[in-house]
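Novice: Here is what each chain is made of, one letter per residue.
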Amino acid sequence: MRGISKQFGRVQALDNVGLSVTSGSIHGVVGENGAGKSTLMKVLYGAYQADSGEVKVNGKAVNIRSSKEAIALGIGMVSQHYGIVPELSMLDNLILGAEPAMVLDKSAIRERAGKIAASIGLNYGNDIWDRDASAISASEAQRLEILKLLWREARIMILDEPTAMLSPKDGEALFGSLRALTTEGATVLLVTHRLPEIMEYCDHVTVLRGGKWITDVPVSETNPEQLSELIVGRTVSVSVRPDPVPSAAPALEVRNLSVARDRGTDAVQNASFALSPGELVGIAGVDGSGQAELFRALLGVTPTREGEVLWHGQPITSRSTSARIELGWRILPEDRLSEAIVSDWSLIDNSTLGLHRLAEFADGGKIRNQERAAFAQKAAEKFGTKHGGLDAAIGGLSGGNQQRFVAARMTESGPKFFMAFQPSRGLDIAATEDLYKAMQERCREGASGLVVSFDLDELMSHCHRVLVMFSGKVIVPPVDADRDLLGRLMVGGEA
Amino acid sequence: MVAFIGMLMLGGISPIEAAQTLISGSLGSPRAISGSLKETTPLLLAGLGVFFALRAGLFNIGIEGQFLLGGFASALVALAVPGPVGLLLAMVAGVVAGALWALPAGWIRAYRNGHEVITTIMLNSVAIALTDFLVAGPVRAANQTGATTATIPTSGRLQALLNSPPWNVNSGLLLGLLLCAAMAWWMKRRVAGYELQAVGANASAAEFAGINVAKVRMNAMLVSGGIGGLGGAIQTLAFEGRFYQGFSPGYGFDSLGVALLAGSNALLVVPMSLLFGVLSKGGTSLLILGVPKGLTNLVAGLVILISATIRYRKAAADA
Numbered sequence: 001m002r003g004i005s006k007q008f009g010r011v012q013a014l015d016n017v018g019l020s021v022t023s024g025s026i027h028g029v030v031g032e033n034g035a036g037k038s039t040l041m042k043v044l045y046g047a048y049q050a051d052s053g054e055v056k057v058n059g060k061a062v063n064i065r066s067s068k069e070a071i072a073l074g075i076g077m078v079s080q081h082y083g084i085v086p087e088l089s090m091l092d093n094l095i096l097g098a099e100p101a102m103v104l105d106k107s108a109i110r111e112r113a114g115k116i117a118a119s120i121g122l123n124y125g126n127d128i129w130d131r132d133a134s135a136i137s138a139s140e141a142q143r144l145e146i147l148k149l150l151w152r153e154a155r156i157m158i159l160d161e162p163t164a165m166l167s168p169k170d171g172e173a174l175f176g177s178l179r180a181l182t183t184e185g186a187t188v189l190l191v192t193h194r195l196p197e198i199m200e201y202c203d204h205v206t207v208l209r210g211g212k213w214i215t216d217v218p219v220s221e222t223n224p225e226q227l228s229e230l231i232v233g234r235t236v237s238v239s240v241r242p243d244p245v246p247s248a249a250p251a252l253e254v255r256n257l258s259v260a261r262d263r264g265t266d267a268v269q270n271a272s273f274a275l276s277p278g279e280l281v282g283i284a285g286v287d288g289s290g291q292a293e294l295f296r297a298l299l300g301v302t303p304t305r306e307g308e309v310l311w312h313g314q315p316i317t318s319r320s321t322s323a324r325i326e327l328g329w330r331i332l333p334e335d336r337l338s339e340a341i342v343s344d345w346s347l348i349d350n351s352t353l354g355l356h357r358l359a360e361f362a363d364g365g366k367i368r369n370q371e372r373a374a375f376a377q378k379a380a381e382k383f384g385t386k387h388g389g390l391d392a393a394i395g396g397l398s399g400g401n402q403q404r405f406v407a408a409r410m411t412e413s414g415p416k417f418f419m420a421f422q423p424s425r426g427l428d429i430a431a432t433e434d435l436y437k438a439m440q441e442r443c444r445e446g447a448s449g450l451v452v453s454f455d456l457d458e459l460m461s462h463c464h465r466v467l468v469m470f471s472g473k474v475i476v477p478p479v480d481a482d483r484d485l486l487g488r489l490m491v492g493g494e495a
Numbered sequence: 496m497v498a499f500i501g502m503l504m505l506g507g508i509s510p511i512e513a514a515q516t517l518i519s520g521s522l523g524s525p526r527a528i529s530g531s532l533k534e535t536t537p538l539l540l541a542g543l544g545v546f547f548a549l550r551a552g553l554f555n556i557g558i559e560g561q562f563l564l565g566g567f568a569s570a571l572v573a574l575a576v577p578g579p580v581g582l583l584l585a586m587v588a589g590v591v592a593g594a595l596w597a598l599p600a601g602w603i604r605a606y607r608n609g610h611e612v613i614t615t616i617m618l619n620s621v622a623i624a625l626t627d628f629l630v631a632g633p634v635r636a637a638n639q640t641g642a643t644t645a646t647i648p649t650s651g652r653l654q655a656l657l658n659s660p661p662w663n664v665n666s667g668l669l670l671g672l673l674l675c676a677a678m679a680w681w682m683k684r685r686v687a688g689y690e691l692q693a694v695g696a697n698a699s700a701a702e703f704a705g706i707n708v709a710k711v712r713m714n715a716m717l718v719s720g721g722i723g724g725l726g727g728a729i730q731t732l733a734f735e736g737r738f739y740q741g742f743s744p745g746y747g748f749d750s751l752g753v754a755l756l757a758g759s760n761a762l763l764v765v766p767m768s769l770l771f772g773v774l775s776k777g778g779t780s781l782l783i784l785g786v787p788k789g790l791t792n793l794v795a796g797l798v799i800l801i802s803a804t805i806r807y808r809k810a811a812a813d814a
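In the order they appear, the protein sequences are chains A and B. Each residue of the first sequence is one higher than the one before, starting from 1 at the first, in the working numbering. Each residue of the second sequence is one higher than the one before, starting from 496 at the first, in the working numbering.
Source of the hints: derived by calculation from the structure; they are not laboratory data. Hints may contain errors.
To be verified - Distance windows between CB atoms, simulated:
#, chain 1, residue 1, chain 2, residue 2, range
1, A, Asp391, B, Thr804, 22 to 32 Å
2, B, Ser802, A, Gly3, 37 to 47 Å
3, B, Lys683, A, Thr22, 53 to 63 Å
4, A, Asp216, B, Ser802, 46 to 56 Å
5, A, Arg261, B, Phe554, 29 to 39 Å
6, A, Glu54, B, Lys683, 49 to 59 Å
7, A, Ala374, B, Phe554, 35 to 45 Å
8, A, Asp391, B, Val612, 27 to 37 Å
9, A, Ala392, B, Trp662, 43 to 53 Å
10, A, Arg261, B, Trp681, 38 to 48 Å
11, A, Ala248, B, Ala677, 45 to 55 Å
12, A, His312, B, Leu672, 50 to 60 Å
13, A, Gln226, B, Trp681, 52 to 62 Å
14, B, Phe554, A, Asp262, 24 to 34 Å
Built from N, CA and C at the ideal position, the CB exists for glycine as well.
So here's chain A without its partners, still in its complex pose (with noise of 0.2 Å):
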């Protein structure tokens, strides 16, 4: 790819980029949130057309108008969001799109099948083929999308982020994959903001800032913390650790917690764990251990089916979230869109979004309306939210740019207790650092937060202490617990 340049309405996505890849490479692609990654990525497979600027696939040049067209000339990329049919088979959502001829020649297809999963180290017989896709777990899913890929024949392959949702074995298992893809001979193109995956898994890096192409290096010549300089442009302070917090009357203590689900076994299976005043807890575990459903429990919005939840010793179990809010509890969520924002309106009308009974924002039944303005000014500074104007739709802003504005809705509205659900998504290393400052500064200053991600390094270098979830259950181990025992105890093994 060559000079490519993309524009969307003023702002200038792509800047003259190049990028060049060599087959049967891993090629990382790294750079901040609006630094481009993605348009170019999107430009390659065909969902955007540039504005200028030429690609060339094995030599020839090529114009890539739709995805079909990328796939036609062996493009695939395996989005963050995976397409899967819960109600089709494994195999019925492999072929899903691309079936061979009208009439389905079932047993040719379980052969072709088998010999591709081979072909990245998985040995899939007909029972997994035949499985429900609902029954599948998100690495599942995301190697299930990669060997649609491969029925497709692609040879390129783009994968954004694709450890975001995996846990670490995973991850791992997942590079295995795609290096034994590369020595067949494919390509693979890795957008991702992990520095460590980076330096383990790719051979070249190109580095993008603000959408424009700043360097392409091999990864042996050089080191994470020059790239993190040449991603964010700055020196960046690495966090270290805090220190324990000495142990004290628990601010918030939860006892014997049980969440149902809508059948089956429990959601969370007798959770006990405790935080003092100034901590900061983090809970490490794979996506689906039943955080969402104990982030949920806590914050009151989903009944408890046992147990209790205790304020500075108060029995809180059966009020209402909004009278949690009103003891100075405090959510970053974990799906934005459905749960932290309202895409439609301005970002004053969601700065105050769960805090607009507080009396801060309202005047018995009458909305504050300087004081909102001046919270929703306050909030966009704070992570430094890139907007056009607070009147405008939130909804308008990219994904990071959200992130920021109801990070520091949280942060920045004097919380006692918070609780964040992966707080770093879809932020850039500066951003996550900033916002991990401000809530050691809130637990500096008393309040307690509970910080959920899948992202164990994240937690273990900026939470006092890290809890486990796995399968419902809650394991607390000790402080000083290293990476080794909290990463086996994530995939349930023993301590």
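Given chain A's structure and the hints, the job is docking chain B onto it.
Specialist: Quick look at chain B alone, frame taken from chain A:
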């Protein structure tokens, strides 16, 4: 539009003549304008009712039934209690009847998650059958041949705001305008209005924000039905002076279009109801030319379709 012109021509009517008739019949004279404003009044009230529920994410198709019940209840009260006191009580009765008629749908939506579209359609059928029955039998005026209540004396009716023939504008329209302004203010300035619209725009985010979503839905449905009932009461007390079979020619259904076209701004309910009022009045004049009423409904339908297309195109371009 092309379809409309085509159909006119098929019917052997000149499109230009038709347009002239439509406009002169609805806006061409003080009398015509007064008539359009009369048609606008029930559309404005019912439109506000639908709009209110719509902001809470609820599609209150039941407004027709609530309108009927409100009109019916107010007629009974105004006949029983004479004078201005009766007038006031009759309006209250209209609001209460409309709200009660919306209550089952609101409750089922809020606490049993049954869709309000289904339940309100059913309630409409019941409302039509029930009022038809009552007015044909139990409460039928003694000396009348048709299925109707007795006529409310003038002292128990809503007075004209302006009555110097050919001008005639009833104070019911003013009530609608005041309610509209109040609603716009409430949605923008009040915490409760904020919560209502949060539920409508993103119910799960509203839940995380500590808003009692079920309660908001329940109340929104009650208020919506109450406004629909008030619309029926005003129709009785301002224009009809009685309740009879066929009391509403479908004001409730037309008001769905009014509210949809108003989008997110309560103040836009006014021009939209005016548009539908003008079309309705002009359509009556077209009847004289031999253009069936259905054809003007078709124009209204096209307006909705076109504006929806424009809105979705815009939404698609923003995404």
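Novice: Hint by hint, say whether it matches the structure.
Specialist: Now the hints, each set against the structure:
1. Hint check: aspartate 391(A) to threonine 804(B), Cβ distance near 27 Å, so the stated range 22 to 32 Å holds.
2. A C-beta distance of roughly 43 Å is found between serine 802(B) and glycine 3(A), which places it inside the suggested range of 37 to 47 Å.
3. At roughly 59 Å, the beta-carbon separation of lysine 683(B) and threonine 22(A) lies within the given 53 to 63 Å, and the hint holds.
4. Between aspartate 216(A) and serine 802(B) the C-beta distance comes to about 50 Å, which sits within the given range of 46 to 56 Å.
5. A hinted range of 29 to 39 Å holds for the C-beta pair arginine 261(A) and phenylalanine 554(B), which are about 31 Å apart.
6. Distance hint for glutamate 54(A) and lysine 683(B): a CB-CB separation of about 52 Å, consistent with the stated range 49 to 59 Å.
7. Judged by the Cβ atoms, the range 35 to 45 Å given for alanine 374(A) and phenylalanine 554(B) holds: they are separated by roughly 37 Å.
8. About 33 Å separates the C-beta atoms of aspartate 391(A) and valine 612(B), a value consistent with the hinted range of 27 to 37 Å.
9. For the hinted restraint 43 to 53 Å between alanine 392(A) and tryptophan 662(B), the CB-CB distance of approximately 45 Å keeps it satisfied.
10. For the pair arginine 261(A) and tryptophan 681(B), the supplied restraint of 38 to 48 Å holds, since their beta-carbon distance comes to about 40 Å.
11. At roughly 52 Å, the beta carbons of alanine 248(A) and alanine 677(B) sit within the given window of 45 to 55 Å.
12. Checked against the hint of 50 to 60 Å, the pair histidine 312(A) and leucine 672(B) passes, with Cβ atoms roughly 52 Å apart.
13. At about 58 Å, the beta-carbon gap between glutamine 226(A) and tryptophan 681(B) stays in the expected band of 52 to 62 Å.
14. Judged by the Cβ atoms, the range 24 to 34 Å given for phenylalanine 554(B) and aspartate 262(A) holds: they are separated by roughly 27 Å.
Of the numbered hints stated above, none is contradicted by the structure.
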